[in-house]
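K.L.:
Chains as they are written, first to last, in this note's numbering: chain A, 1 to 83; chain B, 1 to 83; chain C, 1 to 233; chain D, 1 to 761.
Source of the hints: derived by calculation from the structure; they are not laboratory data. Misleading hints may appear alongside valid ones.
Derived Cβ-Cβ restraints for the label pairs, each shown as a range [what the hints assert, rightly or not]:
no.	chain 1	residue 1	chain 2	residue 2	range
1	D	G408	C	D174	50 to 56 Å
2	D	G457	C	D174	47 to 53 Å
3	C	D123	D	A330	57 to 63 Å
4	C	S173	D	T349	49 to 55 Å
5	B	A58	A	A55	34 to 40 Å
6	C	S213	D	A565	49 to 55 Å
7	A	G36	C	A159	32 to 38 Å
8	C	M1	A	E81	31 to 37 Å
9	C	S173	A	A29	26 to 32 Å
10	B	A54	C	A192	53 to 59 Å
11	D	N396	A	H25	54 to 60 Å
12	D	A200	A	E81	19 to 25 Å
13	B	A54	D	N396	56 to 62 Å
14	A	E81	B	S28	44 to 50 Å
No more than 25 Å apart at the CA atoms, straight line, and that leaves these computed lysine to any residue pairs for SDA-like [what the hints assert, rightly or not]:
no.	chain 1	residue 1	chain 2	residue 2
15	C	K73	C	T37
16	D	K64	D	E308
17	D	K220	A	E45
18	D	K220	B	C64
19	D	K569	B	P18
20	D	K159	A	A62
21	B	K42	A	A51
22	D	K159	B	G36
23	D	K395	D	C58
24	B	K42	A	E74
25	B	K42	D	E260
26	D	K25	A	E81
27	D	K220	D	R307
28	D	K159	C	Q108
29	C	K73	A	A62
Virtual Cβ for every residue (Gly too), placed ideally from N, Cα, C.
Here are the chains, one letter per residue:
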Amino acid sequence: MMVHVHVRIVPRSGLLDPQGQAIEHALSALGFSGIGDVRVGKAIELRLDAASPAAAAATARAMCDRLLANPVTEDFRIEVEPE
Amino acid sequence: MMVHVHVRIVPRSGLLDPQGQAIEHALSALGFSGIGDVRVGKAIELRLDAASPAAAAATARAMCDRLLANPVTEDFRIEVEPE
Amino acid sequence: MTCVAVIRFPGSNCEAETLAAVVRAGGDALLVDYRDTHLHHADAVILPGGFAYGDYLRSGAIARFAPVMQAVKALADAGGAVVGICNGFQVLCEARLLPGALQRNAQQRFVSRPVDVRIERNDTVCTADYDVGEVIRIPVAHGEGRYVADPATLTALEAEHRVLLRYVPVAGSDLPHNPNGSLHDIAGICNAAGTVVGFMPHPERLADRVLGSDAGQRFFSSLVRSARVEVAA
Amino acid sequence: MTTVAVAEPFPGEREVTDQVVREHKLNATEYRAIIALLERAPTLTELGIFSALWSEHCSYKHTKPVLRRFPVDGPQVVQGPGENAGVLRLPEGWAVAFKIESHNHPSAVEPYQGAATGVGGILRDVFTMGARPVAVLNSLRLGPLDDPRNRYLFAGIVKGVGDYGNCVGIPTLAGEVCFAPCYTGNPLVNAMAVGLLREADLATARAHGVGNILLAVGAKTGRDGIHGASFASEDLTAESEKRRPQVQVGDPFTEKLLLEASLALITGGYIIAIQDMGAAGLTSSSAEMAARGGVGVEVDTSKVPTREPGMTPYEIMLSESQERMLVVAAPHRLDAIRAVCRQWDLDATPIGHVTDDGIFRVVHDGRVVAAIPGKELVDGCPMYSPPAVESDAAKNRRAFAPMVSGPGCSVTLERLLDAPTIASKRWVFEQYDGTVRGGSVMPPGGDAGVLRVADTGFGIAMTVDCNARHVLLDPYEGGKGAVAEAARNIACTGAQPLGITDCLNFGNPEKPEIYFQFVEACRGIGEACRTFGTPVTGGNVSLYNQNPVGAIDPTPTIGMVGLLADVTKAVPSHFRMPGDAILLLGETRGHLGGSAYWAEVLDTVGGAPPPVNLTAEHGLQRLLVAAADRRLLRSAHDLSDGGLAVALAECCIGGPWATVQFGADVDLGRHADAASDEGWLFGEDGARALVSCDPAHVAELQRLAHDHGLPCHYLGLTGGSDLIVRRDARSWRWSVARLRAIYVDAIPRRMATVTARNGAP
Ligand SMILES: Nc1ncnc2c1ncn2[C@@H]1O[C@H](COP(=O)(O)OP(=O)(O)O)[C@@H](O)[C@H]1O
Ligand SMILES: [Mg+2]
């Protein structure tokens, strides 16, 4: 089955996120208020041919471990959505 | 109320996505198969003080329109999750 | 003669000046393709600067899987000299040959300018011809050069004196001495033995008097000499 | 004329109606010419092809007769206008290829990608000549930075220029940035590339040899930029939304691969011709290569590798997807070519062949969808010479002088150094790799960029310049002045000016006052080039830089290269030692018309700009080169925007990375009689340079200046921490540290917050 995989890779909490800070700053300069904890990461989407959603999630995890995320600095989250 | 906002910003379809291409290429070189349509964008997370989830979503849309997403090249999706 | 392999990834772009610096230092320089599986009997390896695979995901993330990296690892494990410059440093971190990671510069912009760096040790494969504490001015040019590591790793690096190069302020400069927000002002590190080395600045770009300074040349003379000693031993 | 050929519409294609013709920006005369040529109505694909090739960008229909008057010859010229880039001869068998191009409209819509793809395109123009790109230059014009949209554009453009060149690994060695209200909504992005080659390796873009094959090399073709040039309006239906022009996205990594593969193909002798699929993509590259070679071509669009399914021949022919090359080669070379491309992870796909009937033919799945006489397609566009009349407004502006008096010389200098057009551009070029390739003798921050040529002892100097305010106020003098300023910048480094490339950015040429600016500026450029012996080797025209608010100031950007015979003699721009003598070369009249002082401090764009004395300019260039050759100069800096006071301040402030500054104590007294204090300090008379030297060399320098027919005034000495200027009983004093702080902080201070996009374009 074809599934859509959404991977969200964000800086590990505790690590400084200057890009997030810059955006927080810019948003408040634009007049948005009540904002906090802005974190910026990567969103990766792909289509995957997998036996099941669970299998797709496992494959996606392997992709993150091997390539997509850097364990020193990043955490990831995976969502799978059948087509 | 405090809500978590997740924004996913990806290149508009039809636009060349060199990052996505490079990742697709690298994943298949690593032996992952059955992958297609890899797109890479930004994942932005923030906490927001809003009257309701709907209000939070509206604010987040305004943030995307004004700053976070580039309407010429990017599409965005917003998810709101009460804390 | 000491033979230094300079690895070319498809998007490397500093290989020519790196080769030239090795040759100027009296070494034998060899360009090795990323698809090669061995290093052609080189005594030392340099991973040069550039954008190995466009670096669209993270600098060095894809390069670490290149076929040649097996041979580089093997050389490093055997105590051979492995030097990563800029993108090469990023590749070494991604390949876990050095700890930590290089992230997007704190100011969110590419930075290209001279920096003043202090040589923290001269018992490594590429700093023997400098004095400890010597401050030299060489260029940086990178978008992802902010060195980060978890607190335990940082503490260990400092305790084991594995910080090789550090950004330092000099009198009269009106720029921040740390160009990218690196933790502990780290510009370069090495393994415990001082044989695997990585740093962000580009000594090969300022290694010829004609360009006004040859402050970076001694990285290469050191490398050529120390790798030769190793071979003799 | 070649025999008439038939073509049939592609299934599902729109019918060619008057409305469709108008949408393709072809006027009635042009459409009649098309019908006369084909002896029938065109298919939609043909209409698209004509629309692209008969656009101003490709046909030069408003400008060709004017451009023909440029001097293009000289002993140093290897390749003049007409190819992808001009080429000039250097010593020892080397040659330099260079070209400038605009990417104004794309950058106005999407600053980052617009600027990035501008750099990508100009690099391809250079490496298709067989030259390895060694430097990028950029000339940027934006509206004032107090407008958030302008800040957004500026930040995006600079990042785009930087990211692309940085990734490909080409140093950005020089450039300019100017701010003026006319560029709000009309930003200009001009990118120049410089490459080096062995003269023997020169490649061309001339198809020949019937039966030879056409190959597409590099990226796949997508729907990027289709109709970019021609399709202005179309009823917005769901269907048309899908066909909406897509922003072109740059992929510098693929460019790097393409660069290496192209050079390998050229220097290995595998191919006959090569051209970038740039503006108007496959259409212009194939048609132009065929026309240059006097042959026909047949392109099979169904063979072109596409990124998306279902692309029509129309879309494939007009796509402006980046990082693609069209190659002509003999069929038996195919395997070898593919092997070279594979080495760089690229595909080479046969998509057509050279024919003997002179027809430009497009087929798709066996169906002929376009068949046009090739030579007429490329050369047959009707030409226009619209009336050229100066407007009364322009005449009045020239006669104008400010009514207010200035804030005094002390404050004026500080205000000028804080003006973003004059202030340090460190914030910009800090984002550009200036040292990659290890040959940068003078990275950005001096008068011109200087690069060593391979491991020879000589180098090349390069710059881009234009004072658009001067061109606005007097197009002829301004045109001369742009070339003169570029040549001064080159000569200040000690290099001999060799030749130029130009990027002619103007408003709508159909307006007589705009066409007047164009004709007059070109006349000035041509005359200066003739006097200096620096031929025009090519360039680019960008018209219609105009929005409802108005046109841009006429901006003919001049890109120039020069030869530095001995790189060890390169002269820096800033003071180097305390106790050095400071001399002013050239004559000062105190001419304030058109000055930065009036514009930036008195808010007055008016007056006649200083008349350009080409003989004096040429003498100054030769003097600077001779003085550098004898190692007489410690520094040399040309006088331009802001005049003597700004030049003095800049020399004291030092380079972008300086950790020491020098004061100076200068006395204008003995030379300054006629002009006002402001005229002396801020007037912008040309043909002047500020130099410093060992005091022991003053006499020799003065003799040399005399021999070149130029005044050489001793002004004083470097030293101390203040800049002191004396005239008669008056004196002004500035702390150099304070001036430096103003100068380097002017742009970063304004760019501290880049937030709003301020509405979609
Ligand atoms: N966009 C840019 N890119 C690279 N370098 C630039 C840019 N703008 C200005 N510079 C550099 O800054 C220095 C000063 O530029 P400018 O003020 O135009 O000086 P000048 O008037 O002498 O030409 C030059 O070295 C120039 O190359
Ligand atoms: Mg200039």
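K.L.:
With reference to the structure, classify each hint as holding or not holding.
P.N.:
Taking the hints in turn, this is what the structure says about them:
1. D/G408 / C/D174: 50 to 56 Å: 27 Å, violated
2. D/G457 / C/D174: 47 to 53 Å: 35 Å, violated
3. C/D123 / D/A330: 57 to 63 Å: 59 Å, holds
4. C/S173 / D/T349: 49 to 55 Å: Once the Cβ atoms are compared, 53 Å apart, the range 49 to 55 Å for D/T349 and C/S173 holds.
5. B/A58 / A/A55: 34 to 40 Å: 38 Å, holds
6. C/S213 / D/A565: 49 to 55 Å: Cβ of C/S213 to Cβ of D/A565: about 22 Å, so the range 49 to 55 Å is violated.
7. A/G36 / C/A159: 32 to 38 Å: 36 Å, holds
8. C/M1 / A/E81: 31 to 37 Å: Distance hint for C/M1, A/E81 is violated at roughly 60 Å.
9. C/S173 / A/A29: 26 to 32 Å: Since the Cβ atoms of C/S173 and A/A29 sit about 29 Å apart, the hinted range of 26 to 32 Å holds.
10. B/A54 / C/A192: 53 to 59 Å: 57 Å, holds
11. D/N396 / A/H25: 54 to 60 Å: 47 Å, violated
12. D/A200 / A/E81: 19 to 25 Å: 59 Å, violated
13. B/A54 / D/N396: 56 to 62 Å: 59 Å, holds
14. A/E81 / B/S28: 44 to 50 Å: This hint is violated: roughly 22 Å between Cβ atoms.
15. C/K73 / C/T37: Answer holds: C/K73 to C/T37 is near 11 Å, not above 25 Å.
16. D/K64 / D/E308: Given that 25 Å is the threshold and the Cα spacing comes to 38 Å, the pair is violated.
17. D/K220 / A/E45: Between D/K220 and A/E45 the Cα gap is close to 21 Å, so the pair holds against 25 Å.
18. D/K220 / B/C64: 31 Å, violated
19. D/K569 / B/P18: Status violated; Cα separation ~44 Å.
20. D/K159 / A/A62: 34 Å, violated
21. B/K42 / A/A51: Not OK: B/K42 and A/A51 at ~28 Å, beyond 25 Å, violated.
22. D/K159 / B/G36: 30 Å, violated
23. D/K395 / D/C58: 33 Å, violated
24. B/K42 / A/E74: 14 Å, holds
25. B/K42 / D/E260: 31 Å, violated
26. D/K25 / A/E81: Violated, at about 46 Å.
27. D/K220 / D/R307: 5 Å, holds
28. D/K159 / C/Q108: 10 Å, holds
29. C/K73 / A/A62: With a Cα-Cα distance of about 23 Å, the restraint between C/K73 and A/A62 holds, given a limit of 25 Å.
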